[in-house]
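Peer 1: Read off the chains here:
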Amino acid sequence: DVKVTQSSRYLVKRTGEKVFLECVQDMDHENMFWYRQDPGLGLRLIYFSYDVKMKEKGDIPEGYSVSREKKERFSLILESASTNQTSMYLCASSSGQKYNSPLHFGNGTRLTVT
Amino acid sequence: AQKVTQAQTEISVVEKEDVTLDCVYETRDTTYYLFWYKQPPSGELVFLIRRNSFDEQNEISGRYSWNFQKSTSSFNFTITASQVVDSAVYFCALSEAGGNNRKLIWGLGTSLAVNP
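Protein sequences, first through last, are from chains A and B. The first sequence begins at 1 in the numbering used here and counts up by one. The second sequence begins at 1 in the numbering used here and counts up by one.
By construction, these hints were calculated from the structure, which means they are not laboratory data. Hints are not guaranteed to be accurate.
Stated by the list, open to error - Label pairs and their calculated CB-CB ranges:
1) B:Tyr64 / A:Ser82: 15 to 23 Å
2) A:Gly40 / B:Thr31: 28 to 36 Å
3) A:Lys71 / B:Glu44: 40 to 48 Å
4) B:Arg28 / A:Gly16: 41 to 49 Å
5) B:Glu44 / A:Ile77: 21 to 29 Å
6) B:Gln83 / A:Lys13: 35 to 43 Å
7) B:Arg50 / A:Thr15: 38 to 46 Å
8) B:Pro41 / A:Arg44: 35 to 43 Å
Claimed, not checked - Okay, derived cross-link-like pairs now, PhoX-like style, lysine-lysine, Cα gap no bigger than 20 Å in a straight line:
9) A:Lys71 / B:Lys103
10) A:Lys57 / A:Lys71
11) A:Lys3 / A:Lys18
12) A:Lys53 / A:Lys71
13) A:Lys13 / A:Lys3
14) B:Lys3 / B:Lys103
15) A:Lys3 / B:Lys70
16) B:Lys38 / B:Lys16
17) B:Lys38 / B:Lys103
18) A:Lys70 / A:Lys55
19) A:Lys3 / A:Lys70
20) A:Lys57 / B:Lys103
21) A:Lys53 / B:Lys103
22) B:Lys3 / B:Lys70
23) B:Lys3 / A:Lys55
For glycine and all other residues, C-beta sits at the position ideal for the given N, C-alpha and C.
Based on the sequences and whatever the hints tell you, model everything.
Peer 2: Right, here's the structure in full:
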């Protein structure tokens, strides 16, 4: 079974802090994704990566950056956390170049910025 | 423009009832895929099914069935004899061949509560 592991289940940070959310997958997937999930807004794509050191902006990249130095790891960085970034963050991965590959998700990180 | 609409925000049923979750999509592409995902209270989204635009055959997997109708641009999901473990948020999603091929268009989800 594919396993996508997010480093923290719950995180509480202060406004202005730099925050790192880590995600690791163990199935050699090419594609990795970061979403945030908010009530009433569904899942919104922040960034995705289709290869090591490659990244593309999703629908809401402002205030975030990402890093993919190794194929199995995809990090989401909040350069200066703000209260409007309080949310559930979901990491996912998928295989290959095709648009039809199912996503495999981690358990999520619930981030609270105070 | 591409869009996925799940008109039912919340549904509540009693165990053993049948329930259908609606999904309506919009796309200009002739080649696309549709997906259903389940998000139980634990939070991890789980892939349930994928359907391509050229295959309108209905699919059944145990108590789950899916009805894909291109004529109405719908991909509805039915749970037969629902159980408490079916309580979750269910998401429908669309992936197009012509667009950015790694992005999914998501519906907002339907929260299903199955009560004992």
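Peer 1: Now, for every hint given, state plainly whether the structure supports it.
Peer 2: Results for each hint:
no.: 1; hint: B:Tyr64 / A:Ser82: 15 to 23 Å; verdict: 41 Å, violated
no.: 2; hint: A:Gly40 / B:Thr31: 28 to 36 Å; verdict: 31 Å, holds
no.: 3; hint: A:Lys71 / B:Glu44: 40 to 48 Å; verdict: 22 Å, violated
no.: 4; hint: B:Arg28 / A:Gly16: 41 to 49 Å; verdict: 44 Å, holds
no.: 5; hint: B:Glu44 / A:Ile77: 21 to 29 Å; verdict: 23 Å, holds
no.: 6; hint: B:Gln83 / A:Lys13: 35 to 43 Å; verdict: 39 Å, holds
no.: 7; hint: B:Arg50 / A:Thr15: 38 to 46 Å; verdict: 41 Å, holds
no.: 8; hint: B:Pro41 / A:Arg44: 35 to 43 Å; verdict: 21 Å, violated
no.: 9; hint: A:Lys71 / B:Lys103; verdict: 19 Å, holds
no.: 10; hint: A:Lys57 / A:Lys71; verdict: 18 Å, holds
no.: 11; hint: A:Lys3 / A:Lys18; verdict: 27 Å, violated
no.: 12; hint: A:Lys53 / A:Lys71; verdict: 9 Å, holds
no.: 13; hint: A:Lys13 / A:Lys3; verdict: 27 Å, violated
no.: 14; hint: B:Lys3 / B:Lys103; verdict: 12 Å, holds
no.: 15; hint: A:Lys3 / B:Lys70; verdict: 34 Å, violated
no.: 16; hint: B:Lys38 / B:Lys16; verdict: 19 Å, holds
no.: 17; hint: B:Lys38 / B:Lys103; verdict: 18 Å, holds
no.: 18; hint: A:Lys70 / A:Lys55; verdict: 13 Å, holds
no.: 19; hint: A:Lys3 / A:Lys70; verdict: 16 Å, holds
no.: 20; hint: A:Lys57 / B:Lys103; verdict: 11 Å, holds
no.: 21; hint: A:Lys53 / B:Lys103; verdict: 18 Å, holds
no.: 22; hint: B:Lys3 / B:Lys70; verdict: 15 Å, holds
no.: 23; hint: B:Lys3 / A:Lys55; verdict: 24 Å, violated
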